[in-house]
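Residue numbers (my numbering), protein chains in the order written: chain D, 1 to 195; chain L, 1 to 327; chain A, 1 to 159; chain P, 1 to 669.
Derived by calculation from the structure, the hints in this document are not laboratory data. Since the structure is predicted, the reported quantities are computational estimates derived from the model, not experimental observations. One thing to keep in mind: the hints can contain errors.
Said to hold, decoys possible - Derived pair list, reagent style SDA-like, types lysine to any residue, alpha-carbon separation capped at 20 Å:
{"id": "1", "chain 1": "D", "residue 1": "K182", "chain 2": "L", "residue 2": "K315"}
{"id": "2", "chain 1": "P", "residue 1": "K204", "chain 2": "P", "residue 2": "K301"}
{"id": "3", "chain 1": "L", "residue 1": "K27", "chain 2": "L", "residue 2": "A16"}
{"id": "4", "chain 1": "L", "residue 1": "K315", "chain 2": "P", "residue 2": "K301"}
{"id": "5", "chain 1": "L", "residue 1": "K101", "chain 2": "D", "residue 2": "A194"}
{"id": "6", "chain 1": "P", "residue 1": "K260", "chain 2": "P", "residue 2": "K301"}
{"id": "7", "chain 1": "P", "residue 1": "K533", "chain 2": "A", "residue 2": "Q4"}
{"id": "8", "chain 1": "D", "residue 1": "K182", "chain 2": "L", "residue 2": "K101"}
{"id": "9", "chain 1": "P", "residue 1": "K471", "chain 2": "L", "residue 2": "R149"}
{"id": "10", "chain 1": "D", "residue 1": "K182", "chain 2": "L", "residue 2": "D38"}
What follows is the residue order along each chain.
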Amino acid sequence: MTETSVSPPVNTISNTSFLEKVIAATPGESHLELCIQCGTCGGSCPSGADMDHTPRGLFALITAGMKDTVLKSNTPWFCVSCYYCTVRCPQEIHITDIMYTLKRLAVQEKVYDDSTAPDFSKTFINWVENYGRAFELGLMSMHMLKHNPFGVFKVADMGVGMITKGRMAFRPTRIKGINGLKAILNKAKELEVAA
Amino acid sequence: MKYSYFPGCSLEKNAAAYDVSTRAVCKPLGIDLVEIEDWNCCGATEYISLNLLASYSLIARNLAQANKNIGVDQVVAPCSACYLNLRKTDKYMHESPDLSKKVNTALAAGGISYQPGSVKIKHLLDVVVNDVGYDTIQAKVTRPLNGLRIAPYYGCMIVRPEFGASAGNGKPLDNTEYPMILDKLLQVLGAEVVDFPLKAHCCGGHMTQISESTGFEMIRQIVKGASDYNADLIVTLCPMCQLNLDAFQGGMNRHFKTSFQMPVLYFTQMIGLAFGMDAKALGIGDELVNARSALAKIGVEVPEPETPKQKRPTKEELPMPHMPKEG
Amino acid sequence: MTEQFEPVIIGFTCNWCSYRAADMAGISRIKYPPNIRLIRLMCSGRLDPTFILKAYAGGADGVLVSGCHPGDCHYVEQNYKALRRFQLLKRVITQMGIEPQRLKLLWASAAEGAIFAAEVTKFVEEVRALGPLSWPTSGNGYEKMFATPEHMVIEEATA
Amino acid sequence: MTEPKIGVYVCHCGSNIAGMVDVEGVAKWAAENLKHRGVVIARDYKFMCSSTGQEIIQKDIQELGLNRVVVAACSPHLHEQTFRTACKNGGLNPYLCELVSIREQASWVHTDKGEATEKSKSIISGGVERVRWHEPLEPLRVPIHPATLVVGGGIAGIQAALELADAGYPVIMVEREPSIGGHMAQFDKTFPTLDCSACILTPKMVQVGTHPNIKLFSWAEVTSVDGYVGNFQVTIRQKARCVKTDLCTGCGICQEKCPKKVIDDVFEAGLGYRKAIYTPFPQAVPKYPVMDRENCTFFQKGTCKACEKFCPTEAIDFEQQDELFQFDVGQIILATGWDLFDPRRIPQFGYGRLANVFTSLEFERLSNAAGPTGGKIVMRDGVSVPKSVAIVHCVGSRDKNYNNYCSAICCMQSLKFAHLVHERTGAEVYNFYIDIRTPAKSYDEFYQRLLEEGTHFIRGRVAEITDAARKPDEEGKLIVQAENTLIGKQMRMPVDMVILSAGLEPRHDAKEVARLFGISCSADGWYIERHPKLDPIATMTEGVYISGVVQGPKDIPASVVQGAAAAARALGKIQQKEISMEPIRASINQDICSGCRICNNLCPFNAILFHEDLMVSEVNPALCQGCGTCVAACPAGAISGTVFSDQQVLAQLDGLLLTNLKRFEEVPA
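With the sequences and hints as input, model every part of the structure.
Below is the structure:
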């Protein structure tokens with residue numbers, strides 16, 4: 001059974017350490033420990049309605065150390081990076097950055113329920129890592145076929161329109177320095193693992 | 001004025017119109033764009049979601065490339081996401097020597113390096129309204145956009161989060177909740193600007209791919225808002241916003257059984273039109289929601305839209321709080 | 001532990017803000033290294049350059065000067081005068097062959113016990129890193145030092 | 001002077017010190033190693049501050065003939081007086097005692113007993129060296145002028161003024177606005193009892209206006225303050241009213257006839273109108289109107305003079321000029337109050353753009369029977385009654401983007417609003433809050449009452465207020481968007497009217513005023529009290545007190561309490577006829593003074609005067625506050641400061657560094 005069904009163990013070392021872990025994995029001063037649960041973030045979030053936990057709720061879970069519940073949550077993946085929560089937070093918590101952190105942690109630990117969003121990011125990154133540039137057509141088609149085959153028809157006219165208007169490339173541009181870029185990214189990943 | 005130009009992936013193809021119109025209007029505005037050599041994708045909001053250091057390195061490579069433009073210390077990005085990513089990386093590297101060290105170790109593997117703060121990163125709109133200035137622009141207007149009701153749409157990442165004076169990146173660009181610079185620009189071009197409450201709300205970013213209904217709802221809100229305010233068109237400054245509001249408008253209409261027909265153009269295209277440039281040369285026609293009917297309004301001579309007379313306040317009516325002077 | 005160098009730090013505090021900040025640190029039981037010993041003045045403006053030079057001469061490895069935040073001075077604006085002297089002193093001690101990092105200025109309000117403790121801790125480490133103050137007169141014969149400050153006191157006052 | 005005989009007393013403070021410092025060891029060390037510095041006895045005791053502890057010192061003074069005492073215990077800010085008094089009772093001049101802190105500075109902040117003990121030794125050694133240079137001193141005595149200046153005519157100032165005046169002492173009250181009464185005069189009801197604000201305030205205002213001991217200046221400001229506690233000279237600028245107060249009967253015809261209607265941004269919070277010549281409200285004290293020259297047709301266009309034509313007593317005087325008045329006062333009470341946080345700074349709340357978003361002050365006027373709508377709670381169009389109202393708590397408060405602090409009154413104020421709206425319109429009321437804070441007497445009972453009345457409470461800070469409808473039922477409404485944090489869901493609440501419970505802010509010119517009176521502001525801009533708990537009334541400047549919100553957000557009862565307390569403080573001093581001041585003063589040795597005058601302009605209190613004839617400077621001990629800046633700055637070393645003399649500081653330094661252990665000679669001059 002998951003720890004959601006039992007009363008959350010508060011303030012044991014492992015609990016605090018999850019909060020600390022999230023803070024540590026977030027660049028700059030995230031101020032996460034300052035959350036007063038006011039809900040400004042949840043109220044501001046444009047996709048908040050579809051999240052299983054509001055950002056505020058998620059922070060309470062983090063503080064309570066309910067790691068699995070947090071990393072399984074769809075909340076970070078529904079974040080659209082509009083930064084409303086970040087600029088409105090009365091405690092100046094870098095909420096959007098924390099959402100990125102939670103995504104990374106979830107991917108590391110491979111504990112997300114719905115793989116749509118993670119896969120989207122992965123597909124996107126794939127093109128970037130191999131070509132150095134993003135590639136919408138490939139991205140969208142590959143992603144849609146995998147996760148929303150019928151969606152293809154829904155927006156088919158859009159796809160057609162984009163193509164007829166010449167707004168969609170059929171093959172991605174590859175940058176000249178792709179090998180250099182690959183070297184850079186690999187090195188960066190090494191360093192990250194090392195850290 | 002020389003700037004290193006970072007078009008970003010969108011402007012390569014789906015937002016080519018933005019690129020074309022940008023280059024077209026930069027000439028008369030005296031903005032000299034030097035494209036960053038062999039630039040790469042900024043990772044949008046995706047790379048950072050999987051890999052922290054790699055995404056900063058990915059972005060930093062562009063800044064390093066920008067430094068190859070000798071004597072040009074300012075980078076201009078027309079895409080809000082690119083703008084934010086470049087600024088953010090520069091800021092965090094500037095604040096954390098440790099991060100800066102790591103990123104540079106990674107860059108070294110590609111034989112390059114970047115010193116945080118060594119370039120100023122600006123959004124194209126910032127350059128146009130602040131470096132060039134409203135007056136210069138006004139002086140060049142030959143075909144004022146009279147009678148065109150425009151909903152100015154900023155989206156998120158140009159105003160949020162406010163990275164302020166980070167790494168010498170200057171003062172706040174505009175208010176994070178209710179920006180005005182685009183409104184002012186469009187007024188200068190002669191348009192009738194809608195006081196658009198959703199001007200800085202979110203277009204949904206990649207949501208259409210993650211959760212269609214969520215994405216469509218966010219698009220609907222903005223398109224509906226614009227039409228509620230009887231706008232002829234939405235003008236934006238971000239390729240992602242344009243893509244969502246324009247290309248997905250049809251899908252959105254089908255999803256909600258609505259029939260909005262709200263054209264979405266780039267502010268550079270509006271400048272170009274006001275400067276009397278040819279619509280085609282500004283990439284107009286690429287948009288999926290046809291903008292011609294809206295633009296017809298300025299093709300022909302339309303009389304000054306007489307502003308409704310201030311009705312005398314009734315004697316019960318309470319005064320509105322007066323707003324502070326523009327400063 | 002016993003191996004590492006333990007610097008001696010003299011801290012000058014004003015009676016109204018920074019000394020109370022030290023009190024606050026105590027009342028809040030905030031820990032900091034014992035290397036610092038405080039001298040209470042009425043105001044950082046009272047700070048005579050002689051004091052600081054004598055501190056170095058007498059064997060201090062670092063000197064902390066602290067007062068109210070600019071604008072909060074109990075004596076209206078005297079901490080600005082302290083600020084001026086501080087900047088000048090930094091120059092002077094450098095000429096005298098003392099690393100300027102051995103002199104630190106800290107504004108601390110009566111409420112900022114935590115800040116006071118944190119800054120002291122930081123300063124102790126910085127001075128520890130610099131090692132003992134190797135000054136010919138160090139530890140004895142500081143009386144020799146007495147003539148020196150005169151010229152700069154004048155300079156300061158007219159500054 | 002005789003060979004110093006010093007007694008050293010080390011306090012255990014229970015285990016507070018003894019727990020981390022080897023007190024016995026320290027005492028023993030002092031007795032042995034500081035013998036040659038004049039220490040004749042060193043003891044340790046559980047509680048030196050106890051009567052027994054004090055008796056030990058007194059006994060030693062008498063039996064061992066001690067002429068110096070060093071106590072190593074807690075901070076001098078806590079017990080310096082205690083031990084000075086102990087010495088006094090023992091027959092020793094109190095200023096020959098030095099209290100050094102080994103608690104706040106050693107036992108409480110260090111973790112290693114050995115290190116803490118060593119540090120304590122050097123601290124005591126410092127105290128011993130210092131005390132050798134102490135001199136017997138007498139506290140300075142200064143006569144107290146019986147008059148008190150009260151700045152600000154809000155409820156706090158009114159209370160203070162009346163307490164003093166009723167006690168029979170003269171009060172000078174200065175109010176910037178045309179009438180006293182402050183913000184309280186704008187309110188309709190006061191929480192939690194809901195009694196009518198005017199009904200309880202107006203009588204007090206009248207008392208102030210008519211009290212024989214109170215001289216009231218309204219439409220006036222203090223322009224300069226000189227002198228020191230007991231003997232301040234203040235200058236007051238009486239702005240020109242353009243009304244001869246000796247002739248004016250306050251009949252109000254001038255206001256009635258004045259053709260110029262002006263939006264009243266002050267008293268009506270921008271929600272109502274006044275004339276160019278006006279009293280802000282009918283019960284104004286004093287009753288005389290003032291002329292607003294910026295808006296007066298005559299002053300702007302050169303014609304009109306309607307007021308003059310119709311005035312039955314020929315009291316209008318267009319020629320009137322500002323006047324300056326000088327007074328001597330003994331003490332000063334500052335009760336200058338607060339400004340309302342401007343919600344325009346939070347664009348997402350729409351104030352100024354969305355007609356039916358109101359501020360708390362606007363609503364006070366809206367609900368006030370004497371207000372622009374006669375107490376009818378209506379929307380901006382002035383007629384339609386709201387069916388649903390949202391009240392937003394913490395606007396600009398508890399927010400690092402604006403003000404960090406809690407404004408203290410907004411919760412109760414919002415509850416009051418909720419009650420009034422419910423009572424007068426029957427509208428549904430929604431309170432959006434982070435925490436409901438109702439700590440004071442019968443406040444939480446009021447909260448209970450609101451719950452019974454069926455007011456809705458939604459725990460969630462409002463994210464934004466918009467008119468952009470998403471659903472049909474939102475059309476034409478104000479939509480309040482927030483997270484209901486108790487169910488963890490985002491919600492959009494369509495309402496007719498929104499009230500923003502905006503926070504309290506320091507007056508826009510609080511910093512300048514603080515400078516004028518020589519006191520200091522916190523980072524937030526509130527005036528700093530002498531001690532946050534034990535003395536929230538006095539300031540660091542002798543004879544200047546603060547009361548009301550100027551010291552920090554508080555409600556009416558608290559302001560009244562503080563006003564009364566400040567008055568009591570002032571009365572205490574007045575009763576003493578004269579006050580004794582710490583003899584911490586600078587003095588100039590005129591034989592050495594070169595007359596360079598460097599010190600003259602260094603002194604922030606203008607305490608140093610220059611004798612042209614003798615070409616030397618002199619310190620006025622009554623003006624000198626003892627900061628010692630001049631002492632440090634004198635190039636000739638002609639200035640010395642009692643209690644903090646060069647020798648004392650240098651000796652303490654010597655002791656702290658333990659360089660004294662080597663020396664056996666040197667006797668203080």
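To see whether the hints hold, each was checked on the structure:
A hinted pair counts as satisfied when its Cα atoms are at most 20 Å apart, and K182(D) with K315(L) does not qualify at roughly 73 Å. Between K204(P) and K301(P), the direct Cα distance comes to roughly 40 Å. Violation of the 20 Å bound is thereby established for this hinted pair. As the CA atoms of K27(L) and A16(L) are separated by approximately 17 Å, the hinted pair is consistent with the 20 Å bound. The suggested pairing of K315(L) with K301(P) is violated, with an alpha-carbon distance near 26 Å, which exceeds 20 Å.
The suggested pairing of K101(L) with A194(D) holds, with an alpha-carbon distance near 14 Å, which does not exceed 20 Å. At roughly 12 Å between alpha-carbon atoms, K260(P) and K301(P) fall within 20 Å of each other, so this suggested pair holds. Between K533(P) and Q4(A) the alpha-carbon distance is near 42 Å, which puts this suggested pair outside the 20 Å criterion. For the hint linking K182(D) to K101(L), the alpha-carbon distance of about 19 Å falls within 20 Å, and the restraint holds.
The hinted pair formed by K471(P) and R149(L) fails the criterion: a straight-line CA distance of about 24 Å is larger than 20 Å. Note on K182(D) and D38(L): the hinted pairing holds, with a Cα-Cα distance of about 14 Å set against a maximum of 20 Å.
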